[in-house]
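Student: Spelled out from the first residue to the last, the chains are:
Protein chains: 2
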Amino acid sequence: MRNIKLLIEYDGTNFCGWQRQNNGRTIQEEIEKALEKVLKRPVKIHGSGRTDTGVHALGQVASFKANITVPMDKIPLALNSLLPEDISVKGASEVEEDFHARYSAKGKKYIYQIYNGPLRSPLLRNYAYFVAHPLDLNRMQEAAQYFLGSHDFKGFMASGSCVQDTVRTLYKLDVYFHENLIKIEVEGNGFLYNMVRIISGTLVEVGKEKILPTEMQKIIASGIRESAGPTAPAQGLYLAEVFY
Amino acid sequence: MRNIKLLIEYDGTNFCGWQRQNNGRTIQEEIEKALEKVLKRPVKIHGSGRTDTGVHALGQVASFKANITVPMDKIPLALNSLLPEDISVKGASEVEEDFHARYSAKGKKYIYQIYNGPLRSPLLRNYAYFVAHPLDLNRMQEAAQYFLGSHDFKGFMASGSCVQDTVRTLYKLDVYFHENLIKIEVEGNGFLYNMVRIISGTLVEVGKEKILPTEMQKIIASGIRESAGPTAPAQGLYLAEVFY
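Protein sequence lines correspond, in order, to chains C and E.
The letter at position 118 of the first sequence is residue 118 when you use full-length UniProt numbering, and the numbering goes up by one with no holes.
The letter at position 157 of the second sequence is residue 157 when you use full-length UniProt numbering, and the numbering goes up by one with no holes.
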């Protein structure tokens with residue numbers, strides 16, 4: 001039995017997210033179906049975490065165990081020939097027996113993209129959040145600093161989540177212009193449900209001057225979901241990298 | 001009667017090209033339908049040129065005449081509220097009576113995007129040409145020089161076209177890496193049918209070392225379509241700008 005780690009890119013637009021479900025096309029199901037064709041038996045894969053409907057991945061990681069004789073460097077092409085066009089396996093490697101894509105993850109990097117301009121961009125409609133109101137990048141950058149370090153991010157979690165420990169550590173939260181986009185790049189040891197989208201939605205409120213950067217500390221400390229900004233839409237979010 | 005110039009961006013993926021036709025969704029038809037709703041009467045618009053199925057535009061230009069009282073700066077938002085998400089009017093201005101988007105055009109700029117890597121990218125599948133074979137950028141740049149200036153581009157025109165004068169002048173043909181893409185940026189006083197896609201397809205053959213850069217001169221001079229490379233696929237092509 002070998003333990004295999006896959007690196008996966010996908011366009012989340014036409015998926016009902018990562019996790020297999022009864023109704024709706026999911027990334028997990030497509031990959032499991034392709035693996036079953038290669039291995040001639042059902043295989044269950046474990047993702048580093050779920051992504052929601054419309055969320056993209058540049059570097060999702062999944063792992064599975066199988067008796068597989070195909071050389072590792074042949075796996076991506078073999079799977080891609082069976083996968084739909086909106087998923088691509090970008091790498092495969094054999095890992096230690098106890099490696100698990102989710103439980104072994106030490107951290108993650110997400111990128112959130114905002115298209116800020118007076119008129120919407122058709123080419124970016126599925127790949128960035130369109131904000132027509134001019135955003136003040138300096139204010140967003142100032143506000144971002146308050147998120148760094150370890151905090152109880154309870155107020156930045158989708159209501160209804162039932163995680164016990166809501167303390168997470170962010171190592172990086174950069175906000176910058178890149179070509180015609182504002183990018184929010186976040187790295188941390190873990191993320192609560194919708195956390196990056198709520199942080200992004202809150203930074204957009206700061207950019208619109210509806211929230212002062214200096215209010216961040218109080219908003220985070222409050223632990224109240226309603227104090228933070230709205231959840232920014234799914235299509236701007238990319239799971240960029242998983243750290244092990 | 002005012003003469004109006006529109007600047008238009010679109011994602012060509014789900015269109016059967018620019019030009020109105022009986023079967024199939026087109027950009028021209030969508031804009032004419034939106035204009036009709038605003039102006040309460042049918043309007044015919046003239047594009048700077050057609051784009052094919054799957055071809056995108058960052059800066060397509062169209063013109064039309066109408067008795068319109070809406071201020072110019074309100075037109076983009078008014079039209080966008082009626083247009084589907086894959087089209088956006090990015091600007092509107094009043095122009096001289098004799099302006100015509102097609103006949104007044106002095107030149108155009110196109111960008112052709114290639115994703116060159118071992119494995120396909122789902123996020124770029126509709127926005128770049130995926131070439132797995134490693135491309136030699138230096139050779140492509142060397143070959144590009146031969147296209148500059150005035151040439152009879154008969155060999156770089158889709159067979160079946162019935163244009164009389166096939167001489168065109170290219171002012172610019174830059175090939176460069178940008179992030180994870182190879183971009184081919186072309187400016188000229190006019191383009192034959194499929195010309196940019198055939199030039200791009202030929203440069204890809206050069207990048208694969210199937211054609212020598214120094215053969216370009218002979219291939220162009222031959223005027224034979226079969227001497228040039230294949231027509232690169234539509235999804236890599238962007239009409240970037242029209243010059244007046």
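Mixed in with the good hints there might be a few duds.
[Stated by the list, open to error] Per label pair, the in silico range of CB-to-CB distance:
id: 1; chain 1: C; residue 1: S159; chain 2: E; residue 2: P230; range: 50 to 58 Å
id: 2; chain 1: E; residue 1: I224; chain 2: C; residue 2: P230; range: 36 to 44 Å
id: 3; chain 1: C; residue 1: M72; chain 2: E; residue 2: L148; range: 39 to 47 Å
id: 4; chain 1: C; residue 1: K106; chain 2: E; residue 2: L39; range: 39 to 47 Å
id: 5; chain 1: E; residue 1: G149; chain 2: C; residue 2: L148; range: 41 to 49 Å
id: 6; chain 1: E; residue 1: Y171; chain 2: C; residue 2: L137; range: 47 to 55 Å
id: 7; chain 1: C; residue 1: E215; chain 2: E; residue 2: K172; range: 46 to 54 Å
id: 8; chain 1: C; residue 1: Y176; chain 2: E; residue 2: Y171; range: 50 to 58 Å
id: 9; chain 1: C; residue 1: E85; chain 2: E; residue 2: D152; range: 33 to 41 Å
id: 10; chain 1: E; residue 1: L148; chain 2: C; residue 2: F243; range: 41 to 49 Å
[To be verified] Negatives, chain E to chain C, calculated, CB over 10 Å:
id: 11; residue: P76
id: 12; residue: S88
id: 13; residue: S159
Hints listed in this document are in silico derivations from the structure and should not be mistaken for laboratory results.
Beta carbons are placed, not taken as given, at the ideal position from N, Cα and C, and that holds for glycine.
Student: Each hint needs a verdict: does it hold in this structure or not?
Tutor: Cross-check of the supplied hints:
The given range of 50 to 58 Å is respected by S159(C) and P230(E), whose C-beta atoms sit roughly 54 Å from each other. Judged by the Cβ atoms, the range 36 to 44 Å given for I224(E) and P230(C) is violated: they are separated by roughly 60 Å. Between M72(C) and L148(E) the Cβ separation comes to about 46 Å, which falls inside the hinted range of 39 to 47 Å. Between K106(C) and L39(E) the beta carbon distance is about 60 Å. The supplied range of 39 to 47 Å is therefore violated.
Between G149(E) and L148(C) the CB atoms are about 55 Å apart, so this pair departs from the stated range of 41 to 49 Å. A hinted range of 47 to 55 Å for the beta carbons of Y171(E) and L137(C) is inconsistent with their spacing of about 35 Å. One distance hint, 46 to 54 Å for the beta-carbon pair E215(C) and K172(E), holds here, with the actual separation near 49 Å. The hint said 50 to 58 Å for the Cβ distance between Y176(C) and Y171(E), and at roughly 34 Å that hint is violated.
Range check, E85(C) to D152(E): about 38 Å between beta-carbon atoms, so the 33 to 41 Å window is met. The hinted window of 41 to 49 Å between L148(E) and F243(C) holds, with their beta carbons roughly 47 Å apart. A cut-off of 10 Å between C-beta atoms contradicts the statement that P76(E) is not in contact with chain C; the least separation is 5 Å. Not every C-beta of chain C lies more than 10 Å from that of S88(E), the closest at about 5 Å, which undercuts listing it as non-interface.
The claim that S159(E) is not at the interface with chain C holds, since no C-beta of that chain comes within 10 Å of its own (minimum 29 Å).
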